[in-house]
Amino acid sequence: MDESIKQILARESAGGAVLIRGWLRTARHSKNVSFLEVTDGSGFAGLQAVASPDLAEYEETVRKLATGCAVEVEGELVESQGKGQKYEIHASRVELVGGVGDDYPLQKKRHSLEFLRTLGHLRSRSNTIGAVLRVRNATSRAIHDFFQQRDFLYLHSPIITLSDAEGAGEMFRVSTLDAKNPPRDEDGNVDFAQDFFGSEAHLTVSGQLEAEIAAHSHSKVYTFGPTFRSENSNTARHLAEFWMVEPEVAFCDLAGLAELAETFLKSVFRDVLEACPDDFAFFDQRISPGIVSNLETIIESDFVQLPYTEAISILEASGRDFEFPVRWGIDLQSEHERFLAEEHVKRPVVVTDYPAEIKAFYMYMNEDGKTVRALDVLVPGVGEIIGGSQREHRHDVLLQRIRDLGLPEDEYWWYLDLRRHGSVPHAGFGLGFERVVQFITGVANIRDISPFPRVPGNAAF
RNA sequence: UCCCCGGUAGCUCAGCUGGUAGAGCAGGCGGCUGUUAACCGCCUUGUCGUAGGUUCAAGUCCUACCCGGGGAGCCA
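Using this note's numbering, the first residue of the first sequence is number 1, and each one after it goes up by one.
All clues stand as given, with none of them false.
Mimicking DSSO-like on lysine-lysine, the simulated pairs with C-alpha atoms at most 30 Å apart in a straight line are:
1) Lys83 - Lys108
2) Lys31 - Lys64
3) Lys31 - Lys109
4) Lys266 - Lys220
5) Lys359 - Lys266
6) Lys220 - Lys370
7) Lys108 - Lys6
8) Lys86 - Lys31
9) Lys64 - Lys108
10) Lys64 - Lys109
11) Lys6 - Lys266
12) Lys86 - Lys6
13) Lys346 - Lys266
14) Lys359 - Lys370
15) Lys6 - Lys64
16) Lys220 - Lys359
17) Lys64 - Lys83
18) Lys346 - Lys359
19) Lys370 - Lys346
20) Lys108 - Lys31
21) Lys83 - Lys31
22) Lys109 - Lys6
23) Lys109 - Lys86
24) Lys64 - Lys86
25) Lys83 - Lys6
26) Lys109 - Lys83
27) Lys86 - Lys108
Read the hints as simulated data drawn from the structure, not as lab findings.
Please read all numbers here as calculations on a predicted model, not as lab measurements.
Let the hints inform the model, and build the full structure from the sequences given.
Right under this line is the structure:
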C-alpha cells in the first residue's frame, strides 16, 4: 500500500521519493509553476505538489487540472518554500487518473451543508464531511478502546427481534409476507405465524435486554451497533437509523453507572481530540468556535450530579417562564434540560432518580416507592446523550411492575426468568453514537454526522 | 405530526408599493516570478420549487402540494 499523505506529513525530515494518489482540493496555476493540493482523506491536511512547466506532460495535463480531479503524483519530498505547510512534493510525474466534468458541483468555496446533503456520493470529499467521517471513525475506536481496556465483552446483539422490548419507539417491520396479499387468519388479521420467523419481527430499537443476558454471564459487556426507530421525528437530533452503544454491568448500582458514564465520556473526548487535532482545528475555526476548549474544560472538571427532585426545585426557583410548567412528576422538556445544562451548570449534568411513572418498567424502584434509579446525561447544545438505569433485578418487584403496567407478561418470560437464576444488581446505559459525534464536532444537524442518513422521507444515498 | 421561515444561474444570495431578472463565486478564454478556499481582465449561464388562480401584466398577490431550515413533541 502507498504511504498515506498523513504519514508522509508526519515524517521526521524531507528527502526521498514519494508517490501519492488522491483528489485535488485546489489547483493554482501561474506562468512558471502550478500548485496542486492533493488529499487522500487520511487527514485534514493535503499535500502540495509543485509542478513546473519543464514536465513533459505540463501543457497537456497539469495545466488543465482542476478541483476534484483524481491524480497520481510522483516526486521528491522537499521542505516547502512557501508558508502554510512543512513539506511539499517537487513533482517529477503527474498523471491524471480521473478527470472531472465542468459541472463538478463541489467548489473550493464553502457550500451549505443542506446542499451537500443532496450530493451524498460526493460530499465526503468536502472539508466538513471529510472531517466528520474521520472524527466519527476516531470516536468509534475510542469507544472500543475504552471498553476493551476494561475487559468489557463486545456483544453483537441482534438486529432483527421479535418483541418490542421496552416500548422504546415505533419499529420497522421485518417480513417476507406478500404485502399486497398477506395470508389471513380466521379473524381476517394478517397471519404472522406464516411469516419468516413464525411471528411478527422488527428491527431492533435497543440491544439492552440482550446485553442484560450477557452481563449475567460475562459481567461487563457492551453493544455497539445499528438501531432503528420508525418515528416521524423531524429534528436535527434524530435519525431513523443510528448507532447505539449500550454497556451493561453486573454487580453495579446507579452510582457505579454514573461514574462509568462520566469516565467513559471523558476518555472518549480525550482520545478523539488527540487523534484528530487538524480536524478539530477546522471545527473550532469554521463550524463551532470554542469547541476545543469547551471539550477540554469538560475533560478536566467533574460532572454535576443532580437528583430529579433537586432539578425540579432549581427549575422552580429559576424564575423562568417555561412553556411547560414545572412541577414534581413531569418529564423534563427540552427547555428544562437546556436550562439545566446550558445555563445552570454550563457543563454536562447527570440527572438521577426520576419518578417511576415517566420511566421504563425495568428500572430499579427506590425505597421511596416513587422514584427509580434512572440517569440521564444532558450536555449543552445536544441535550440527552446518555440514558440509563440500574435495572430491577428483584423478581417479585419486576413481576408486580409488569402486571401493574399491564404489560404482556408472557412476552417477558425470559427476562423475568433471568431474575430467578443467579440474579444480581446490574446497570447499564444507552448512548447515541451520532449524538456524541455531533456534540464533539459542534455540527448542528445530525444528518451531517451520519455518512448516509436515514430520516422520514429520505434514504436517497 | 404541529408552529414559524424559506425555495430566483452550478453554488451563496439580491430583486421595494405587481411592469418582463442581477451580483459574487464556480465554469470558459487570456494574463500573472512560489501560490495558500491565490490574484487581474474578458465571456457564458435562468421552466424564478410544482400545479392552479387573480390581473392588461406575476419572481412579486392568493390556494394547494413538494422540498429545505428553525423550534416543538417523541427519544438516543
